[in-house]
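Q: Please model the complete structure; the sequences and the hints are all you need to start from.
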Amino acid sequence: MKKVSADKQGSIECSNLTESMKWLYKIIVHYIYPKSASLTYVNQVELCIMWHIVEKKPLNLCHIVFDKLQNNPKKLPYGMILTPVFEFLNVDLDKHVGQSVSKLDSGSLKMKDEEAGEEKEKEGR
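No gaps in the numbering here: position 18 of the sequence shown is 18 in full-length UniProt numbering, and each next residue is one more.
No wet-lab data here; the hints were simulated from the structure. One should not assume that every hint holds.
Cut-off 30 Å, straight-line C-alpha distance, at most; resulting in silico cross-link-like pairs (DSS-like, lysine-lysine) [as the list claims (entries may be wrong)]:
hint, residue 1, residue 2
1, Lys95, Lys74
2, Lys95, Lys57
3, Lys22, Lys74
4, Lys22, Lys75
5, Lys26, Lys74
6, Lys22, Lys68
7, Lys35, Lys75
8, Lys35, Lys68
9, Lys57, Lys22
10, Lys95, Lys75
11, Lys22, Lys35
From a predicted model like this one, the values you see are computed outputs, not experimental measurements.
A: What follows is the structure in C-alpha cells.
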C-alpha cells in the first residue's frame with residue numbers, strides 16, 4: 001500500500017489510492033457506507049472500514065449501519081440486510097408499506113414519453 005498524506009480533517013484524495021483500494025472505496029461508498037457528497041475525498045470512517053478489510057480485522061458492521069441510519073435522513077440501501085434481521089426478531093413489518101422499485105433509464109423514459117404522445121394523437125383524432 002502506498003503512503004499518502006491526509007488533510008487537516010484526516011481525509012485523503014481518492015486519486016492517491018492504488019487501483020485496488022479505489023475499487024474497495026467504491027464498494028464502501030455505494031453499499032456499506034453510502035454518501036451523496038463528493039467522492040473525491042475518502043473520510044476517516046471510510047478509511048477505518050478500508051483498514052479493517054485490508055488488515056482482516058473484525059469490524060462492527062452493525063454499529064456502522066445503525067450509526068448511518070440514525071444520522072442520515074435520506075433513504076439508504078440497507079433494506080435487504082435489515083428485513084431478514086427484523087423477521088428473525090419477529091418484528092411485524094405488515095404495518096409498513098413497502099415500495100416497489102423499477103429501473104429507470106433514459107430508454108424507458110423515452111419510451112414512456114413516446115407512448116404518452118401516441119395516446120394524445122389518438123385522442124385528438
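Q: When you check the alpha-carbon spacing of Lys95 and Lys75, does it fall within 30 Å?
A: With Cα atoms ~18 Å apart, Lys95 and Lys75 stay inside 30 Å; holds.
Q: Verify the proposed pairing of Lys22 with Lys35, using a straight-line Cα cut of 30 Å.
A: holds, 15 Å
Q: For a C-alpha distance cap of 30 Å, please report whether Lys35 and Lys75 respect it.
A: Between Lys35 and Lys75 the Cα gap is close to 11 Å, so the pair holds against 30 Å.
Q: For the pair we were handed, Lys57 and Lys22, check the Cα-Cα distance against 30 Å.
A: holds, 19 Å
Q: Taking only the CA atoms, is the gap from Lys95 to Lys57 under or equal to 30 Å?
A: The given pair, whose Cα atoms are some 39 Å apart, is violated under the 30 Å limit.
Q: So if I understand the rule, the pair passes when the alpha-carbon distance is 30 Å or less; does Lys22 with Lys68 pass?
A: Roughly 22 Å between the alpha carbons, so the hint for Lys22 and Lys68 holds.
Q: Checking one constraint from the list: CA of Lys95 to CA of Lys74, max 30 Å. Satisfied?
A: Roughly 21 Å separates the two Cα atoms, so the pair holds.
Q: So if I understand the rule, the pair passes when the alpha-carbon distance is 30 Å or less; does Lys26 with Lys74 pass?
A: holds, 19 Å
Q: Hint check: Lys22 vs Lys74, CA-CA at most 30 Å. Holds or violated?
A: holds, 25 Å
Q: Sort out whether Lys68 lies within 30 Å of Lys35, counting only the CA atoms.
A: Satisfied, since the Cα-Cα distance of roughly 10 Å is no more than 30 Å.
Q: Is the Cα-Cα distance between Lys22 and Lys75 30 Å or less?
A: Cα-Cα ~25 Å, so holds.
In terms of the numbered hints stated before, the structure departs from hint 2 and from no other.
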